[in-house]
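As given, the protein sequences belong to chains A and B, one line each in that order. The opening residue of the first sequence carries number 1 in UniProt numbering; numbering runs sequentially from there. The opening residue of the second sequence carries number 1 in UniProt numbering; numbering runs sequentially from there.
FYI, nobody ran anything at the bench for these hints, they're computed from the structure. Backbone N, C-alpha and C define an ideal beta-carbon position, used for all residues, glycine too. Treat the hints with care, as some may be off.
Stated by the list, open to error - Mimicking DSS-like on lysine-lysine, the simulated pairs with C-alpha atoms at most 30 Å apart in a straight line are:
| no. | chain 1 | residue 1 | chain 2 | residue 2 |
| --- | --- | --- | --- | --- |
| 1 | A | 66 | B | 188 |
| 2 | A | 137 | B | 9 |
| 3 | B | 203 | A | 122 |
| 4 | A | 118 | A | 204 |
| 5 | B | 188 | A | 122 |
| 6 | B | 203 | B | 188 |
As the list claims (entries may be wrong) - Across the chosen pairs, the derived CB separations fall in these ranges:
| no. | chain 1 | residue 1 | chain 2 | residue 2 | range |
| --- | --- | --- | --- | --- | --- |
| 7 | A | 192 | B | 164 | 24 to 34 Å |
| 8 | A | 19 | B | 4 | 45 to 55 Å |
| 9 | A | 204 | B | 29 | 26 to 36 Å |
| 10 | A | 16 | B | 160 | 43 to 53 Å |
| 11 | B | 102 | A | 124 | 23 to 33 Å |
| 12 | A | 213 | B | 118 | 48 to 58 Å |
| 13 | A | 124 | B | 125 | 37 to 47 Å |
| 14 | A | 259 | B | 11 | 49 to 59 Å |
| 15 | B | 114 | A | 289 | 33 to 43 Å |
| 16 | A | 149 | B | 188 | 15 to 25 Å |
| 17 | B | 8 | A | 149 | 18 to 28 Å |
| 18 | B | 11 | A | 157 | 27 to 37 Å |
| 19 | A | 16 | B | 200 | 29 to 39 Å |
Stated by the list, open to error - A short, non-exhaustive set of chain B residues, derived as facing chain A with CB atoms under 8 Å:
| no. | residue |
| --- | --- |
| 20 | 194 |
| 21 | 196 |
| 22 | 197 |
| 23 | 200 |
| 24 | 202 |
| 25 | 204 |
| 26 | 207 |
| 27 | 211 |
Residue-level listing of the chains:
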Amino acid sequence: MAMLEVSDLHVAFPRGKRGWVEALRGVDLTLEKGERLGVVGESGAGKSMLAFAILNLIADPGRVSKGTIRFEGANLLEMSESEIRRIRGNRISMIFQDPMVTLNPVLSIGTQMVETLKAHRKISTAEARRLSIDKLKEVAIPSAETRLDAYPHELSGGLRQRVVIAIALLTDPEIIIADEPTTALDVTIQAEIMALILKLCREKDVALILITHDLGVVAEVTERLMIMYAGKCVETGPTRQIIDAPRHPYASGLLKALPQNAERGSRLYQIPGSMPPITALPNGCSYHPRCEFASERCHAAAPALVNGVACYNPLKAKAEATS
Amino acid sequence: MITWRGFLKRFLSDPVAIGAGIVLLILILMAVLAPVIAPQNPYDLLQIDIMDSEMPPSWQPGGDPRFLLGTDSQGRGVLSTIMYGTGISLLIGIGAVIVQGILGVTLGLWAGYRGGWVDSFLMRLADIQMSLSTLMIAIIVLALFQAAFEASVYADYAIIMLILIIGIAEWPKFARTVRSSVLGEKNKEYVDAARVIGLPARKVMWGHILPNALTPVMVISTIQVAEAIMTEAALSFLGLGMPVDRPSLGSLIRSGFEFVFSGSWWITLYPALVLIALILALNLLGDWLRDVLNPKLRRGDD
Numbered sequence: 001m002a003m004l005e006v007s008d009l010h011v012a013f014p015r016g017k018r019g020w021v022e023a024l025r026g027v028d029l030t031l032e033k034g035e036r037l038g039v040v041g042e043s044g045a046g047k048s049m050l051a052f053a054i055l056n057l058i059a060d061p062g063r064v065s066k067g068t069i070r071f072e073g074a075n076l077l078e079m080s081e082s083e084i085r086r087i088r089g090n091r092i093s094m095i096f097q098d099p100m101v102t103l104n105p106v107l108s109i110g111t112q113m114v115e116t117l118k119a120h121r122k123i124s125t126a127e128a129r130r131l132s133i134d135k136l137k138e139v140a141i142p143s144a145e146t147r148l149d150a151y152p153h154e155l156s157g158g159l160r161q162r163v164v165i166a167i168a169l170l171t172d173p174e175i176i177i178a179d180e181p182t183t184a185l186d187v188t189i190q191a192e193i194m195a196l197i198l199k200l201c202r203e204k205d206v207a208l209i210l211i212t213h214d215l216g217v218v219a220e221v222t223e224r225l226m227i228m229y230a231g232k233c234v235e236t237g238p239t240r241q242i243i244d245a246p247r248h249p250y251a252s253g254l255l256k257a258l259p260q261n262a263e264r265g266s267r268l269y270q271i272p273g274s275m276p277p278i279t280a281l282p283n284g285c286s287y288h289p290r291c292e293f294a295s296e297r298c299h300a301a302a303p304a305l306v307n308g309v310a311c312y313n314p315l316k317a318k319a320e321a322t323s
Numbered sequence: 001m002i003t004w005r006g007f008l009k010r011f012l013s014d015p016v017a018i019g020a021g022i023v024l025l026i027l028i029l030m031a032v033l034a035p036v037i038a039p040q041n042p043y044d045l046l047q048i049d050i051m052d053s054e055m056p057p058s059w060q061p062g063g064d065p066r067f068l069l070g071t072d073s074q075g076r077g078v079l080s081t082i083m084y085g086t087g088i089s090l091l092i093g094i095g096a097v098i099v100q101g102i103l104g105v106t107l108g109l110w111a112g113y114r115g116g117w118v119d120s121f122l123m124r125l126a127d128i129q130m131s132l133s134t135l136m137i138a139i140i141v142l143a144l145f146q147a148a149f150e151a152s153v154y155a156d157y158a159i160i161m162l163i164l165i166i167g168i169a170e171w172p173k174f175a176r177t178v179r180s181s182v183l184g185e186k187n188k189e190y191v192d193a194a195r196v197i198g199l200p201a202r203k204v205m206w207g208h209i210l211p212n213a214l215t216p217v218m219v220i221s222t223i224q225v226a227e228a229i230m231t232e233a234a235l236s237f238l239g240l241g242m243p244v245d246r247p248s249l250g251s252l253i254r255s256g257f258e259f260v261f262s263g264s265w266w267i268t269l270y271p272a273l274v275l276i277a278l279i280l281a282l283n284l285l286g287d288w289l290r291d292v293l294n295p296k297l298r299r300g301d302d
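Given the sequences, and given the hints that come with them, work out the whole structure.
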């Protein structure tokens, strides 16, 4: 059995008095120990929602309306608040997008690290500080001892994200969910931070769920890939395979839209239109209004995820995909 | 973020703040050191002589050098009673604000963080409370209390009663302020991050959100101390506050008021001046604090 198994996950938000609107519409996901999974999709596809749902932290008034999330066999959604708190931040931790806002501005780095440790371990403050310094050193923060008493505003963006990573690793978790960990950083240090996350995950055999919209990063870091569109997984499989030969038209469109895949001098490719809001999804396959291969069938009913792709007219040969 | 050094720099560069600070410091020192520096202990009946009553300030004809600011109708030195009275006024003001703060911060934090029916319930309760004037509640409760107990019992518990009544009657101001800053803070990502590391709601609320929501609390605390002292003075003036033998500034003003038209103006005037100075200093400091802690008005140098 996989370490983490999400099946048929639905997350819904109330829409006035007229019922519910679904932000996630049946997502399946499996993660083995030490495996690195990329979750890719446009803004609003439900990527971050998936991350919060896994930790059972969907903000009110939203709720998981259907599905199970099994971590080592136990359903996280059925756990009591105190049971899930023993997993949250301890065995599954999370790295957020913007280190400028994820650290509490009025507490020192050390306070926040010690607090995290003390929430999950019975240890003394001195011991917690020692462990925190070790972790800060692991994420290559220079003069970790003095940085421990620094406040977030005294550190640069790159250093802050290293601190966030150190906090995520503090309790030696089995899974790290990284929600666009490099998007808010300066381009020059994005690669550095990503390399650090990859190195630490490999060294410690930590499973990683990397949420991003950067297919370049995904190709380098992850083993498996899941492409999301409008709250559903449209294609999943080994990263290499999808990058080399995407089968879903959306996956293929995303890859074509990468500037480095464009021919020099030609206009950059873009997928026509934009993702529909979850309140006004089209009938059938939610991608069909933007899809160049859409047929009658696509208008009528949504395709199920079969052999890793949810499409009636999947692209087959590599030649076809890149044409 | 404002640092302590930046805070001090801003303080020293503002003459109004320095002035208000000095006045407040002098009044606090005067009140705290009253048993040591006051020329007379007005609570000690052995030191009071009825023959000394209604003496004018010492520089006036008929004045006595022992009583710089004159004496009241019972022969107590006005300077000494002011020193002791300021202490009682400050004690009630600060005590009431602590009660307000504890109640208001707790309920405001809870309402803001939980939202939903808890929020609606507490805020409607606050609305109801705000629609009843503090003075009115205090008058009713204190009048009942005074009627129900003997004067000596009343005298012993008057300070505690005043602190509790003013404290309880004014909690909505703190609760509303804290609630509104909590609403602004609770959707920030550091709150999500705190929840993600597995902290219980109690720790997220008190340890992470509250420190970020404290700035306005500091500002209203200062102004509320002034307000509480005013309320107490008003109650004492109406005869419902501190008893005459343990006078606050308000009861001093009242005790002298009866003699204003017989020419003994000093009994009322000097406590009134001290009360005005105290309230003014507190309000000026509160305003200054509000400006300094407001990020929109912050200059680039700190």
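Do the numbers back the hint for residue 196 (chain B), that is, is its least Cβ distance to chain A under 8 Å?
-> holds, 5 Å
Should the interface hint for residue 207 (chain B) be scored as holding, given a Cβ-Cβ cut-off of 8 Å against chain A?
-> holds, 7 Å
For the pair supplied as a hint, residue 66 (chain A) and residue 188 (chain B), confirm whether the alpha-carbon distance does not exceed 30 Å.
-> holds, 28 Å
Should the hint that residue 102 (chain B) and residue 124 (chain A) are 23 to 33 Å apart at their CB atoms be regarded as holding?
-> For residue 124 (chain A) against residue 102 (chain B), whose Cβ atoms are near 30 Å apart, the range 23 to 33 Å holds.
Against chain A, run the beta carbon of residue 200 (chain B) and see if the smallest gap drops under 8 Å.
-> holds, 6 Å
State, for the Cβ atoms of residue 19 (chain A) and residue 4 (chain B), whether the hinted interval 45 to 55 Å holds or is violated.
-> Because 54 Å falls inside the window, the suggested range holds.
Cβ-Cβ distance between residue 124 (chain A) and residue 125 (chain B): within 37 to 47 Å?
-> holds, 43 Å
Would you say the C-beta atoms of residue 149 (chain A) and residue 188 (chain B) sit inside 15 to 25 Å of each other?
-> holds, 23 Å
Pairwise hint evaluation, residue 9 (chain B) against residue 137 (chain A), where the allowed Cα distance is 30 Å at most = It is violated: about 36 Å lies between the C-alpha atoms, which goes past 30 Å.
CB of residue 259 (chain A) to CB of residue 11 (chain B), is that within 49 to 59 Å?
-> holds, 54 Å
43 to 53 Å as the expected CB spacing between residue 160 (chain B) and residue 16 (chain A), which holds or is violated | Holds: the Cβ-Cβ distance is about 51 Å, inside 43 to 53 Å.
CB of residue 8 (chain B) to CB of residue 149 (chain A), is that within 18 to 28 Å?
-> Given about 21 Å between the Cβ atoms, the range holds.
The structure does not agree with the numbered hints 2, 7, 9, 12, 24, 25 stated previously, though it agrees with the rest.
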